[in-house]
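Undergrad: Sequence:
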Amino acid sequence: MTEFLLAFIPLFVAIDVFGVLPLFVALTEGMEQRQKRTLTWEATLTAFVISLLFLVAGKLLFSFLGITESDFRVGGGIVLLVLAVNDLLFSKERKKDVGDSVGVVPIGIPLIMGPAALTTIIILVDSYGYLWTIASLLANMLIVLAVFLQANTIARAMGNAGSRAVAKVAALFLAGIAVMMIRSGVAAMLPK
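When we follow the numbering used here, the leftmost residue of the sequence shown carries the number 146, and every step to the right adds one.
The set of hints was computed from the structure by calculation and includes no laboratory data.
Mixed in with the good hints, there may be bad ones.
[What the hints assert, rightly or not] Derived CB-CB ranges, DEER-like:
#	residue 1	residue 2	range
1	274	223	30 to 36 angstroms
2	314	280	23 to 29 angstroms
3	328	147	18 to 24 angstroms
4	324	177	40 to 46 angstroms
5	183	333	41 to 47 angstroms
6	332	304	37 to 43 angstroms
7	288	321	16 to 22 angstroms
8	336	227	25 to 31 angstroms
9	324	213	17 to 23 angstroms
10	280	205	19 to 25 angstroms
11	211	176	45 to 51 angstroms
12	275	210	18 to 24 angstroms
By construction, the Cβ of each residue, glycine as well, lies at the ideal position given by its N, Cα and C atoms.
Assemble the whole structure, with the sequences as input and the hints as a guide.
TA: If you want it as structure tokens, here you go:
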């Protein structure tokens, strides 16, 4: 159970479902409830499938390129740190690019399963293995599904300020996780 929680929490923070919620509500504004439900399933399944493909192909690609776990921890940690700092400082400047199918892009990718979550998945596989990573991924996708199915109710309850506050706290946690990843990657590279 400890491994599950250790895999679940960083992924939950990286996905930041409550930070993405206001964007989801804005992108689905004016849609009928049935259409929102279909879009929610489409976005969640897209994010889940892409993350599974990245989980398998990402490891193979790294092996082919000779990228080590420590290399990826440092590089991924730097990327996560930049994303977290960007979210903390410049979140109001995000741009919405709505295409024909907002369920796949931008909601499924990159809002639900963006660079932070994909980087976290690769790190989690190295740290806790496939079983716990996939279990935590599935649990997180079920939470995303539940939150998005109740998006309007939750967004009204949280309000704009509440949603922004949750997003900022999640970004702080993500920054902390990023620093931990960089530190552990550098420590593994140093001679013992």
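Undergrad: A separate judgement is required for each hint: does it hold in the structure or not?
TA: To see whether the hints hold, each was checked on the structure:
{"no.": "1", "hint": "274 <-> 223: 30 to 36 angstroms", "in the structure": "violated, 24 angstroms"}
{"no.": "2", "hint": "314 <-> 280: 23 to 29 angstroms", "in the structure": "holds, 25 angstroms"}
{"no.": "3", "hint": "328 <-> 147: 18 to 24 angstroms", "in the structure": "holds, 21 angstroms"}
{"no.": "4", "hint": "324 <-> 177: 40 to 46 angstroms", "in the structure": "holds, 44 angstroms"}
{"no.": "5", "hint": "183 <-> 333: 41 to 47 angstroms", "in the structure": "holds, 45 angstroms"}
{"no.": "6", "hint": "332 <-> 304: 37 to 43 angstroms", "in the structure": "holds, 42 angstroms"}
{"no.": "7", "hint": "288 <-> 321: 16 to 22 angstroms", "in the structure": "holds, 21 angstroms"}
{"no.": "8", "hint": "336 <-> 227: 25 to 31 angstroms", "in the structure": "holds, 28 angstroms"}
{"no.": "9", "hint": "324 <-> 213: 17 to 23 angstroms", "in the structure": "holds, 20 angstroms"}
{"no.": "10", "hint": "280 <-> 205: 19 to 25 angstroms", "in the structure": "holds, 21 angstroms"}
{"no.": "11", "hint": "211 <-> 176: 45 to 51 angstroms", "in the structure": "holds, 46 angstroms"}
{"no.": "12", "hint": "275 <-> 210: 18 to 24 angstroms", "in the structure": "holds, 20 angstroms"}
Checked against the numbered hints above, the structure violates only hint 1.
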